[in-house]
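**Q** Working from the sequences, and respecting the hints, build out all of it.
Line by line, the protein sequences are chains F and Y.
Sequential numbering from 1 applies to the first sequence in the UniProt record's numbering.
Sequential numbering from 1 applies to the second sequence in the UniProt record's numbering.
Do not take every clue at face value.
Copies of the same chain look alike in the list, so a pair counts if it works inside one copy or between any two.
Unchecked claim - Here are the simulated lysine to aspartate or glutamate pairs, DMTMM-like style, with alpha carbons at most 25 angstroms apart:
(1) K119 / D55
(2) K529 / D470
(3) K632 / D486
(4) K206 / D616
(5) K562 / E473
(6) K34 / E473
Since the hints were made in silico from the structure, they are not lab data.
From a predicted model like this one, the values you see are computed outputs, not experimental measurements.
2 protein chains.
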Amino acid sequence: MASLSQPASEPNTSPLAKFIWGPENLQRRCDLLKELPQHAIFKNEVNLAALSRRDHWAYRVQQAQALIGIWLKKGWSRDHFLDANRMIGEMPCSPQFRIFFKNIQAQMSPEQKAFWIPKVERFEILGCYAQTEVGHGSNLRGIETSATFDSTTDEFILESPTVSSSKIWIGALGAWATHAIVVSRLIVNGHDHGNHLFMVQVRDLKTHDVLPGITIYEQRDKTLNTLRGLDNGVMRFFGHRIPRSQMFAGSSSLSRDGTYNPPINKNHSYTSMVIIRGLLSSELGLDAMKALYIAAHYVAFRRQFGANPGGMETRVIDYASVKNRLFPAIAREVAIILNGRQITAAIEERLGTNMEDMHIMSVGGKVYASEHAARDVEIARLLCGGHGTHESAGLGRSYTLLSAARTYEGDSYVISLQLGRAITKCWQRGGEDTLPALGYLRRLRKPTAYQQRLRQDESQAWHDRAVQDDVLEQRVSILAGQFLEDTRKGKDTSFQVLELTMAHTDLHYVRGLYSALESSPEEGKMALKALANLFTISTLVNGLSTFAGSDYLSYNDIRSMKEAYQTALVEFEPHVPCILGAFAFTPWETRSSLCPVDKSPYDAIVGHAMGSELNDNRFMRPTILNIRSLWKNQQESRL
Amino acid sequence: MASLSQPASEPNTSPLAKFIWGPENLQRRCDLLKELPQHAIFKNEVNLAALSRRDHWAYRVQQAQALIGIWLKKGWSRDHFLDANRMIGEMPCSPQFRIFFKNIQAQMSPEQKAFWIPKVERFEILGCYAQTEVGHGSNLRGIETSATFDSTTDEFILESPTVSSSKIWIGALGAWATHAIVVSRLIVNGHDHGNHLFMVQVRDLKTHDVLPGITIYEQRDKTLNTLRGLDNGVMRFFGHRIPRSQMFAGSSSLSRDGTYNPPINKNHSYTSMVIIRGLLSSELGLDAMKALYIAAHYVAFRRQFGANPGGMETRVIDYASVKNRLFPAIAREVAIILNGRQITAAIEERLGTNMEDMHIMSVGGKVYASEHAARDVEIARLLCGGHGTHESAGLGRSYTLLSAARTYEGDSYVISLQLGRAITKCWQRGGEDTLPALGYLRRLRKPTAYQQRLRQDESQAWHDRAVQDDVLEQRVSILAGQFLEDTRKGKDTSFQVLELTMAHTDLHYVRGLYSALESSPEEGKMALKALANLFTISTLVNGLSTFAGSDYLSYNDIRSMKEAYQTALVEFEPHVPCILGAFAFTPWETRSSLCPVDKSPYDAIVGHAMGSELNDNRFMRPTILNIRSLWKNQQESRL
Ligand SMILES: Cc1cc2nc3c(=O)[nH]c(=O)nc-3n(C[C@H](O)[C@H](O)[C@H](O)COP(=O)(O)OP(=O)(O)OC[C@H]3O[C@@H](n4cnc5c(N)ncnc54)[C@H](O)[C@@H]3O)c2cc1C
Ligand SMILES: Cc1cc2nc3c(=O)[nH]c(=O)nc-3n(C[C@H](O)[C@H](O)[C@H](O)COP(=O)(O)OP(=O)(O)OC[C@H]3O[C@@H](n4cnc5c(N)ncnc54)[C@H](O)[C@@H]3O)c2cc1C
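**A** Set out below in structure tokens:
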């Protein structure tokens with residue numbers, strides 16, 4: 001794998017790269033890479049990790065200023081802005097076109113959009129999305145903030161009656177935002193109509209002071225420095241008033257006389273969630289892939305133990321311990337990226353129609369991407385040994401982002417419950433024949449037809465798509481069967497639903513990957529086939545515990561499956577440079593001392609140390625000298 | 001579990017607490033808790049996370065100054081100092097009594113000890129341990145730094161010939177240390193005698209300037225803020241000279257005339273590693289337990305979904321998703337703490353004798369503790385939903401420490417190779433009958449005697465120690481068998497050794513836990529029995545994939561095993577307050593907004609936000625106002 005030793009210095013625009021990134025995404029990436037690195041503020045020279053929280057945030061605001069200026073000047077798309085944001089790292093402007101804009105787009109009336117969207121697109125107002133409260137995150141029905149209609153003034157009065165009703169975790173609210181989309185119960189004439197969205201100005205547009213009737217505190221640091229450049233905020237309302245026109249009126253609305261017009265379909269309430277989870281499904285994969293890209297180049301460079309002919313030690317990428325962690329992770333993240341993008345596209349196509357199946361799909365995608373991404377980045381770091389633990393390796397930054405993603409936009413266990421519910425519903429009404437995603441439930445109607453031994457003594461059999469699919473279906477049907485049985489018995493199934501969701505998504509991601517491959521360019525077909533095969537067999541091997549005690553797989557099956565897995569690893573190995581070469585993250589994107597282009601990683605690591613803010617430690621020397629003589633005081637006082 | 005709602009405000013000194021902490025450890029902890037929180041610098045008021053790297057480090061130096069002063073004054077033991085260090089968090093003085101002192105104690109000659117130990121114990125000199133190089137961490141044979149004997153002056157000349165020979169990752173070397181124990185090849189008359197230890201002064205004792213012939217750079221931030229208060233350093237030697245007397249002469253030595261006296265037994269070379277890994281085996285468990293303690297109290301307070309009689313929502317601790325993560329993790333970490341302490345004690349007892357089996361034991365303990373601790377802390381964080389992601393929750397701090405522990409003092413895969421080697425050796429010489437730790441290899445001599453079906457249809461059977469032990473032995477013997485077969489075939493087994501090491505340790509930790517229980521106080525016997533049972537059955541369930549395709553466990557076995565697991569969870573549940581109560585971490589130790597004693601977590605979280613360094617954001621308002629008007633420039637320039 002000689003070509004791995006040299007990371008890319010520019011983006012790759014080959015047909016394979018277009019296929020992997022998506023042609024428009026790649027074009028946007030090229031646009032951004034041409035422009036952004038030229039600007040001093042984006043030059044990666046400031047060591048953000050060493051700054052205080054205050055200075056860090058201020059620097060991120062300055063980066064936001066520069067980015068918004070460039071974006072306006074270039075007339076780029078909103079997607080350009082989103083991508084730039086992801087490349088640069090979290091800034092207070094991050095929520096603007098994600099959760100703020102997307103909710104406006106999905107849930108305001110046409111007139112409201114005409115009024116608000118231009119302001120949002122010009123950054124004339126700065127937005128955030130205020131849903132979570134101190135007491136309620138997962139259970140939105142428990143939200144306590146109320147918006148009571150006052151028909152005398154045609155206004156809503158916002159109240160946060162308790163500490164637990166304080167809005168919290170609101171990204172960009174702490175110091176940056178002028179406006180918040182507030183999720184609040186709508187109260188009309190003493191009647192509670194449940195949660196609705198309201199556009200609420202929170203700071204004065206001239207002075208940036210928090211408006212009267214509102215208190216806002218910034219939340220301080222998040223763990224592991226997660227999203228340090230973002231000012232999450234805590235907010236309470238004390239009789240704050242907003243005009244009636246600021247209730248989102250895309251589906252339900254309130255007339256001047258207090259008549260409530262309920263939504264025609266209930267879709268709207270989760271549309272924006274579906275969109276964001278869809279986005280995350282592929283985005284998180286790209287972040288994890290960047291970490292694996294860095295690690296792959298470093299382990300191809302690093303040598304340790306085992307002298308080879310010529311006296312050089314063995315490259316660590318050649319050890320089983322490294323291959324068995326790195327290669328399946330690469331395959332998995334490519335599967336996540338390609339499937340995630342299919343989910344995003346499907347959601348966009350279906351906007352406005354019945355989206356219940358998209359809802360389930362986006363849950364699977366988000367849970368799968370976040371659970372695997374956090375672990376795969378940790379794998380990347382561990383692969384690099386001690387040097388993976390340098391901040392300058394660039395692996396920790398991804399970890400904080402990806403690990404938190406297991407919680408935000410819905411805790412993995414909590415949102416997996418939705419797949420459980422879909423399965424129960426489908427099973428009860430016998431819907432599996434018309435709902436292809438849950439077709440595997442058929443196996444539960446005729447269990448005996450499927451429980452015979454597979455008998456794939458030859459490892460070659462495991463490379464057969466039909467055999468692979470059979471095992472994947474069998475596994476998820478076993479888990480679904482246990483789930484349905486436990487549900488019937490009234491047991492709490494909230495633990496097992498996560499494994500069920502992962503197995504369900506394993507099956508669909510394998511299928512989705514193979515179907516995506518059909519439109520792949522000739523150039524990369526071999527590589528992608530080897531990748532898909534490895535991804536598939538690795539999901540089989542990782543899912544084996546489900547088959548303990550089952551007759552379905554025999555001892556010989558397992559032996560041959562594990563052999564097939566090793567073959568798939570070996571077959572994928574020569575294609576690794578081709579796959580990583582298609583990603584071709586530039587040094588500006590990786591910001592990693594472990595894969596520099598113009599020097600060796602060792603020079604980069606030592607060079608980085610030469611800039612340490614503690615190299616001049618004269619300011620602490622008097623203290624250190626004092627410490628070294630403390631024992632004398634002790635001896636004197638004993639005399 | 002009502003009593004869980006109130007975390008402890010003082011340490012518990014009941015017989016159970018003594019048993020769990022160890023009586024001396026608990027006494028030391030009480031001594032420290034009485035003294036340290038009184039001092040302003042240890043009052044937990046400074047928000048370290050918000051500081052710049054430089055200020056953070058400086059604050060840690062000041063804490064070190066205070067701690068050393070108190071320690072000298074009180075005349076406390078070295079163990080007191082180590083424990084205080086762990087409570088306060090990493091400071092530059094952390095290596096002094098760990099790796100610095102312990103190497104001196106284990107590897108210097110009596111005369112050398114008489115000279116150096118008093119200086120170390122007085123903090124007259126400040127130490128660090130310099131082994132790892134840029135190019136070599138795991139493979140110590142590859143170390144390039146050389147100490148060449150110059151008989152004309154009776155000195156060694158230290159050289160770092162290349163960038164890759166730079167010492168790196170050396171904790172406390174970056175700015176703090178005056179002395180380093182340097183691992184270097186010994187060269188005498190052109191003959192390379194391999195690695196030896198040398199005491200090297202690196203900074204001037206009057207000015208704290210780095211000495212001529214040496215360069216030192218501080219390494220800058222570590223990922224995820226890991227050990228931010230520690231100044232890890234990179235060091236090179238350019239013909240730096242030290243007297244011959246500074247070669248560690250506890251086992252091998254060099255005479256004035258250049259005669260090399262090789263070590264009599266090779267034990268010495270790994271003694272200090274064994275000691276430190278032994279220490280880590282239990283320490284890491286305590287850190288993870290602290291995180292679980294915080295999470296347990298929070299999930300007993302937090303309510304979400306599912307109204308109960310009286311209208312209150314369900315406590316999240318009552319969900320299967322929470323119980324199935326939290327309770328086994330608590331049981332596991334107690335098992336780790338108790339077994340780890342047994343390892344530490346066994347090592348101390350055996351110092352100076354043949355320690356090969358201690359070596360293997362300490363590898364198992366360190367790998368097991370670090371792999372589980374990192375995951376269990378992540379579980380703790382995820383259990384707490386969004387609020388677990390506040391820095392003030394106190395969970396991230398443990399994670400950074402524990403996740404890095406998978407790498408430092410030996411990468412998990414690399415050091416697991418040593419168990420693999422021991423197994424191969426034992427198998428080849430038929431030693432399993434005399435080496436109880438590897439007794440399970442007997443099963444491989446007569447496989448048919450063990451492969452019959454277990455047939456434990458009744459879940460009650462799984463609570464039987466003999467049945468439990470049989471499955472644990474069977475599992476590790478299957479893995480050992482595959483390992484030996486692959487080794488015989490010349491395959492690279494470096495991936496599978498980690499699973500083998502974990503299974504080996506599962507078996508021994510279950511046994512160790514039950515044997516520890518024999519001396520437990522009456523008071524906690526029931527609780528500890530329920531805990532041991534849960535730990536055991538959870539290791540069985542988590543190890544099921546090994547049995548896929550095997551006749552050993554039937555479908556009914558698995559079903560009854562999973563039932564037994566749920567029973568074990570239910571039986572452990574009422575004892576959770578008792579176990580956590582024995583740990584009784586004080587608020588000063590947890591430093592967590594999620595388990596305060598004098599207010600509700602919600603008040604603590606919001607209160608914490610009120611102190612944010614970004615609440616006064618006037619300094620950035622001009623920039624924000626400018627951003628909001630950037631679009632106007634754009635419009636103007638278009639006119
Ligand atoms: C970095 C970050 C950024 C965020 N940004 C925003 C933002 O901009 N705007 C916004 O509105 N919110 C935001 N949030 C909030 C986030 O969406 C919520 O924290 C998240 O949805 C989790 O909800 P929770 O905190 O209530 O978890 P909880 O529900 O309290 O979870 C606690 C535990 O209970 C378990 N649990 C809960 N319910 C059940 C059940 N029914 N069955 C079984 N187990 C259960 C969970 O698995 C979890 O282990 C952010 C959060 C983070 C961490
Ligand atoms: C926070 C921290 C503090 C530290 N403090 C100190 C200190 O005070 N003093 C000091 O001297 N050192 C210190 N170290 C260094 C530490 O001990 C080493 O980094 C660690 O032992 C790992 O070695 P490595 O970096 O060479 O890993 P590598 O060996 O380079 O590991 C890279 C990858 O290769 C794999 N690998 C390597 N060899 C094999 C093999 N034979 N078979 C299969 N796979 C293999 C590993 O599994 C890993 O995935 C510290 C490190 C850290 C992170």
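**Q** Determine for every hint whether it applies to the structure shown.
**A** Now the hints, each set against the structure:
1. K119 / D55: Neither. Shortest intra-copy (28 angstroms) and inter-copy (41 angstroms) distances fail the 25 angstroms Cα cut-off.
2. K529 / D470: within (19 angstroms within a copy, 43 angstroms between copies)
3. K632 / D486: neither (70 angstroms within a copy, 61 angstroms between copies)
4. K206 / D616: between (43 angstroms within a copy, 17 angstroms between copies)
5. K562 / E473: For K562 and E473, both the intra-copy (19 angstroms) and inter-copy (22 angstroms) Cα distances are at most 25 angstroms.
6. K34 / E473: neither (46 angstroms within a copy, 60 angstroms between copies)
Against the hints set out earlier in the document, violations occur for numbers 1, 3 and 6.
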